[in-house]
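*Asks:* Sequence:
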Amino acid sequence: MRAVIAIGIGVLALLCLLALLFVRRLVISRGGGTVDMSIRLTSSVAGRGWAVGMGRFAGRELRWYRLFSLAPNPRRILLRPELTVVSKRPPDGAEQLAMPADSVILQLNSGRGPVEIAIADAALTGFLSWLEAAGPGRH
Numbered sequence: 020m021r022a023v024i025a026i027g028i029g030v031l032a033l034l035c036l037l038a039l040l041f042v043r044r045l046v047i048s049r050g051g052g053t054v055d056m057s058i059r060l061t062s063s064v065a066g067r068g069w070a071v072g073m074g075r076f077a078g079r080e081l082r083w084y085r086l087f088s089l090a091p092n093p094r095r096i097l098l099r100p101e102l103t104v105v106s107k108r109p110p111d112g113a114e115q116l117a118m119p120a121d122s123v124i125l126q127l128n129s130g131r132g133p134v135e136i137a138i139a140d141a142a143l144t145g146f147l148s149w150l151e152a153a154g155p156g157r158h
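Here my numbering = 1-based position in the sequence shown + 19.
Rather than coming from a laboratory, the hints here were simulated on the basis of the structure.
The beta-carbon is built from N, C-alpha and C at its ideal position, and this holds for glycine as well.
Wrong hints could be hidden among the right ones.
[As the list claims (entries may be wrong)] Computed Cβ-Cβ distance ranges for the label pairs, DEER-style:
1. K107 - G132: 15 to 25 Å
2. G50 - A22: 41 to 51 Å
3. I24 - S88: 26 to 36 Å
Model the full assembly from the supplied sequences, consistent with the hints where possible.
*Replies:* The structure is reproduced here in structure tokens:
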């Protein structure tokens with residue numbers, strides 16, 4: 020009987036955790052301007068280091084939230100005036116297994132150094148439009 024209660028409590032805790040993740044995603048995407056994207060957190064091993072999440076455009080910031088996290092704050096913030104596109108490429112090797120087939124990887128320079136993001140090809144035009152919207156006088 021105790022084993023059944025323990026399993027029931029475990030299942031309930033897991034369902035609560037999943038519900039919290041779902042509600043967090045709804046709250047983040049509530050204002051619109053979100054796109055599914057991955058960021059490479061570490062490049063120490065070729066093809067590895069990618070973390071799945073979503074980006075939210077907020078004025079001059081692209082706020083990236085990790086998908087499987089309960090943190091209310093973004094994990095990374097990319098500032099539009101500091102970003103420039105260095106290169107664009109398709110995923111290769113192990114990267115093909117870590118992201119959707121229609122993903123495009125962009126290598127960017129930011130004020131804090133190089134950043135790699137993976138974004139769906141369909142969302143690429145929107146991202147590049149947002150990036151170019153900085154206007155004249157951009158650094």
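*Asks:* Each hint should be assessed against the structure and marked as holding or not.
*Replies:* Hints, one by one, checked against the model:
Distance hint check: the CB atoms of K107 and G132 are about 19 Å apart, consistent with the given range 15 to 25 Å. The hinted window of 41 to 51 Å between G50 and A22 holds, with their beta carbons roughly 45 Å apart. The hint said 26 to 36 Å for the Cβ distance between I24 and S88, and at roughly 30 Å that hint holds.
Checked against the numbered hints given earlier, the structure satisfies every one of them.
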